[in-house]
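Q: The lines below spell out each chain.
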Amino acid sequence: MKVVVASGKGGTGKTSVAVNLALSVGADQVLDCDVEEPNVHIFLKPEAIESHPVELLVPRIIEERCTYCRRCAEFCQYNALFVAGETAMVFPELCHSCGGCKLVCPEEAIEEVPREIGKIFKGQADGVELVYGELNIGEPLAVPIISKVKEQAKEEGLVILDAPPGSACPVVEAVHGSDFCLLVTEPTPFGLHDLEVATEVVKQLGVPLGVVVNFAGIGDRGVYEFCEEQGIPVLMEIPFDRRIAELYSRGVPFTEEMTEWRARFQALLETMEGLAK
Amino acid sequence: MKQLTILSGKGGTGKTTITACFAALSENAVFADCDVDASNLHLLLNPEVKETFEFKGLKQAVIDPEKCTRCGLCMELCRFDAIEEYRVDPIHCEGCKVCVVNCPAEAIDFVDRICGHAYISETRYGPMSHARLTPGMENSGKLVTLVRQNAQRLAEENSCDLVLVDGPPGIGCPAIASLSNVEASLIVVEPTLSGIHDLKRALELLRHFEVEPLMCVNKYDLNTDNTDEITGFCEENGIAMVGCVPFDPEVTKAMVKGQPVVEYRPGSPASAAIRKAWAETRTYLGV
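In the order they appear, the protein sequences are chains A and B. First residue of the first sequence? That's 12 in our numbering, and the numbers climb one at a time after it. First residue of the second sequence? That's 10 in our numbering, and the numbers climb one at a time after it.
No wet-lab data here; the hints were simulated from the structure. Backbone N, C-alpha and C define an ideal beta-carbon position, used for all residues, glycine too. Hints are supplied without guarantee of correctness; some may be wrong.
As a list, the in silico SDA-like pairs of lysine to any residue whose alpha-carbon atoms are at most 25 Å apart [stated by the list, open to error]:
{"id": "1", "chain 1": "B", "residue 1": "68", "chain 2": "B", "residue 2": "11"}
{"id": "2", "chain 1": "A", "residue 1": "113", "chain 2": "B", "residue 2": "84"}
{"id": "3", "chain 1": "A", "residue 1": "130", "chain 2": "B", "residue 2": "210"}
{"id": "4", "chain 1": "A", "residue 1": "113", "chain 2": "A", "residue 2": "71"}
{"id": "5", "chain 1": "B", "residue 1": "151", "chain 2": "B", "residue 2": "262"}
{"id": "6", "chain 1": "B", "residue 1": "262", "chain 2": "A", "residue 2": "254"}
{"id": "7", "chain 1": "A", "residue 1": "133", "chain 2": "A", "residue 2": "162"}
{"id": "8", "chain 1": "B", "residue 1": "106", "chain 2": "A", "residue 2": "72"}
{"id": "9", "chain 1": "A", "residue 1": "214", "chain 2": "B", "residue 2": "71"}
{"id": "10", "chain 1": "B", "residue 1": "262", "chain 2": "A", "residue 2": "256"}
{"id": "11", "chain 1": "B", "residue 1": "68", "chain 2": "B", "residue 2": "37"}
{"id": "12", "chain 1": "A", "residue 1": "214", "chain 2": "B", "residue 2": "141"}
{"id": "13", "chain 1": "B", "residue 1": "68", "chain 2": "A", "residue 2": "84"}
{"id": "14", "chain 1": "B", "residue 1": "68", "chain 2": "A", "residue 2": "102"}
{"id": "15", "chain 1": "B", "residue 1": "68", "chain 2": "B", "residue 2": "96"}
{"id": "16", "chain 1": "B", "residue 1": "65", "chain 2": "A", "residue 2": "102"}
{"id": "17", "chain 1": "B", "residue 1": "209", "chain 2": "A", "residue 2": "66"}
{"id": "18", "chain 1": "B", "residue 1": "209", "chain 2": "A", "residue 2": "134"}
{"id": "19", "chain 1": "B", "residue 1": "266", "chain 2": "A", "residue 2": "241"}
Per label pair, the in silico range of CB-to-CB distance [to be verified]:
{"id": "20", "chain 1": "B", "residue 1": "99", "chain 2": "A", "residue 2": "168", "range": "29 to 35 Å"}
{"id": "21", "chain 1": "B", "residue 1": "219", "chain 2": "A", "residue 2": "250", "range": "40 to 46 Å"}
{"id": "22", "chain 1": "A", "residue 1": "285", "chain 2": "B", "residue 2": "133", "range": "19 to 25 Å"}
{"id": "23", "chain 1": "B", "residue 1": "96", "chain 2": "A", "residue 2": "240", "range": "16 to 22 Å"}
All chains, please: the whole structure from these sequences, using the hints.
A: And the structure:
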């Protein structure tokens with residue numbers, strides 16, 4: 012079973028829920044899909060980490076053959092090629108690696124070369140395998156790295172994915188194909204607004220969902236009212252507790268010290284298994 | 010006109026809370042919400058929308074089943090695995106046009122896709138530019154650029170001397186788009202190991218694009234050891250620290266009331282610290 016933990020709003024506790032769930036139920040694997048700002052490794056502290064580059068194929072212009080006909084530049088939907096006079100330039104960071112420029116070039120003057128945009132890492136932590144990705148600084152495209160992290164997913168067993176914040180394409184890439192989505196929110200107007208957009212994305216993808224309310228006790232009742240109207244189950248509430256916040260700040264999963272929470276996460280998994288069917 | 014982007018790397022550290030307070034304290038500024046896929050600034054500034062723009066993202070391929078000869082070439086050429094059973098999955102189509110130009114039966118249309126809306130609004134503190142990305146759509150970087158262009162135009166029309174940009178989390182395409190041509194970027198960090206990790210990546214991003222960093226620690230009293238580490242790091246690296254804001258329950262109460270905390274409870278500890286941070290930032294920018 013694949014469970015993805017997502018949120019809409021950042022900083023609501025996705026990583027904390029993903030890590031504590033994984034440790035409490037003995038998950039087989041955690042995939043950190045927040046490749047812009049991965050944090051799971053801070054809590055799981057994996058060992059024996061191996062890393063692999065993530066490369067995209069980008070065009071290189073073979074100057075001797077190029078006739079500066081501009082067809083590649085006119086074709087490219089991402090403005091990654093520029094041709095003027097007798098100059099042809101590639102802006103590799105804009106390239107989505109569709110391969111179209113090479114196909115439209117009548118002179119066979121374009122070849123494709125690999126270019127690193129990030130890395131993926133794999134390591135072991137307390138019996139859990141952790142895979143995470145890291146987008147190189149200055150690179151805009153997170154999706155190809157998320158997709159590489161997801162390629163490492165185990166076929167069998169329990170896999171927990173930690174999604175990036177927001178409601179745009181990186182979230183779609185992370186959530187797509189999961190058996191259940193846990194949306195972590197906070198009971199405030201910001202939490203509610205972003206829960207609404209995240210819910211729309213998850214519903215579009217046809218993934219069953221439930222909500223975890225973190226920092227329960229602050230704010231207002233808007234999130235609960237929304238869940239009731241939409242028929243979305245609130246599966247867990249984690250109170251606003253300075254002790255949890257303090258453990259988090261030191262990179263300690265709170266279930267390590269507040270062991271009574273392990274049974275609650277185990278029950279949460281059972282409920283999700285029931286709802287995913 | 011100067012531009013300041015409030016950024017964080019990690020989400021949920023208080024970018025919008027700080028931006029909204031700066032908006033309330035500013036005298037002649039335009040506000041741009043560039044967190045277009047989880048925007049929140051409007052919840053505190055309560056904008057009245059004056060103009061709405063449709064935002065067209067990348068186009069999308071659509072196969073006409075009447076013309077399709079089921080040769081399968083499109084599926085072979087698509088690198089995004091967006092075509093299955095002679096149908097294009099709009100979620101995975103990146104609008105590259107490869108299938109469209111290579112289809113021997115000319116059976117694939119290339120159609121516009123409305124990916125969201127941009128708005129120009131008026132608030133009680135000044136003009137505002139914001140947007141809403143349709144959930145699940147791509148191209149949030151392009152929408153960020155549109156929001157920023159609208160904000161710059163508003164600033165020129167209203168002779169404003171500052172554009173305050175509420176940035177997105179992360180370091181990818183929307184964050185990069187929120188940083189072009191800005192004077193400086195204020196990073197709001199929380200004193201947690203995750204916050205420090207993400208802060209360092211955000212700082213590298215600023216260095217990469219040659220943007221001057223300013224720093225503000227939010228909820229600094231949650232872990233003073235980590236706050237000391239951040240302060241020390243800033244001193245070593247010559248980064249200006251504009252302020253440390255304490256944890257203060259009034260911030261959430263203000264949010265529930267739909268107000269910046271400096272307006273809702275000007276005497277609260279967080280408000281005092283944010284006013285000081287604004288004074289420092291203002292001096293730094295010379296506005």
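Q: Against each hint, give a clear statement of whether it holds in the structure.
A: The hints, checked one at a time:
1. The hinted pair formed by residue 68 of chain B and residue 11 of chain B fails the criterion: a straight-line CA distance of about 34 Å is larger than 25 Å.
2. For the given pair, residue 113 of chain A sits about 17 Å from residue 84 of chain B by alpha-carbon distance, which is consistent with the 25 Å threshold.
3. For the proposed pair residue 130 of chain A and residue 210 of chain B, the alpha carbon gap of about 14 Å is at most 25 Å, so the pair holds.
4. With a C-alpha separation of about 9 Å, the suggested pair residue 113 of chain A and residue 71 of chain A falls inside the 25 Å cut-off, and the hint holds.
5. A hinted pair counts as satisfied when its Cα atoms are at most 25 Å apart, and residue 151 of chain B with residue 262 of chain B does not qualify at roughly 34 Å.
6. About 21 Å separates the Cα atoms of residue 262 of chain B and residue 254 of chain A, which keeps this hinted pair within 25 Å; it holds.
7. At roughly 12 Å between alpha-carbon atoms, residue 133 of chain A and residue 162 of chain A fall within 25 Å of each other, so this suggested pair holds.
8. Proximity of residue 106 of chain B to residue 72 of chain A is assessed by CA-CA distance (about 20 Å); at most 25 Å being required, the pair is judged to hold.
9. In summary, the hint linking residue 214 of chain A to residue 71 of chain B is supported, as the alpha carbons are separated by about 22 Å, within the 25 Å threshold.
10. A hinted pair counts as satisfied when its Cα atoms are at most 25 Å apart, and residue 262 of chain B with residue 256 of chain A qualifies at roughly 19 Å.
11. Restraint check: the Cα-Cα separation between residue 68 of chain B and residue 37 of chain B comes to about 38 Å, which exceeds 25 Å; the hinted pair is violated.
12. At most 25 Å may separate the alpha-carbon atoms for a hinted pair to count; residue 214 of chain A and residue 141 of chain B meet this at roughly 18 Å.
13. This hinted pair checks out: residue 68 of chain B and residue 84 of chain A have alpha carbons roughly 17 Å apart, not beyond 25 Å.
14. Restraint check: the Cα-Cα separation between residue 68 of chain B and residue 102 of chain A comes to about 21 Å, which is no more than 25 Å; the hinted pair holds.
15. Distance restraint check for residue 68 of chain B and residue 96 of chain B: the Cα-Cα separation of roughly 16 Å lies within the 25 Å cut-off, and the hinted pair is therefore satisfied.
16. Using a Cα cut-off of 25 Å, the hinted pair residue 65 of chain B and residue 102 of chain A holds, with the two alpha carbons roughly 23 Å apart.
17. Of the pairs offered as hints, the one joining residue 209 of chain B and residue 66 of chain A holds, with about 24 Å between alpha carbons and a cut-off of 25 Å not exceeded.
18. For the hint linking residue 209 of chain B to residue 134 of chain A, the alpha-carbon distance of about 22 Å falls within 25 Å, and the restraint holds.
19. Between the alpha carbons of residue 266 of chain B and residue 241 of chain A the distance comes to roughly 24 Å, so the proposed pair stays at or under 25 Å and holds.
20. Taking the beta carbon of each, residue 99 of chain B and residue 168 of chain A are about 32 Å apart, inside 29 to 35 Å as hinted.
21. Checked against the given bound of 40 to 46 Å, the beta carbons of residue 219 of chain B and residue 250 of chain A, roughly 44 Å apart, stay inside it.
22. Judged by the Cβ atoms, the range 19 to 25 Å given for residue 285 of chain A and residue 133 of chain B is violated: they are separated by roughly 49 Å.
23. Between residue 96 of chain B and residue 240 of chain A the beta carbon distance is about 33 Å. The supplied range of 16 to 22 Å is therefore violated.
Violated hints for the displayed structure, listed by number in ascending order: 1, 5, 11, 22 and 23.
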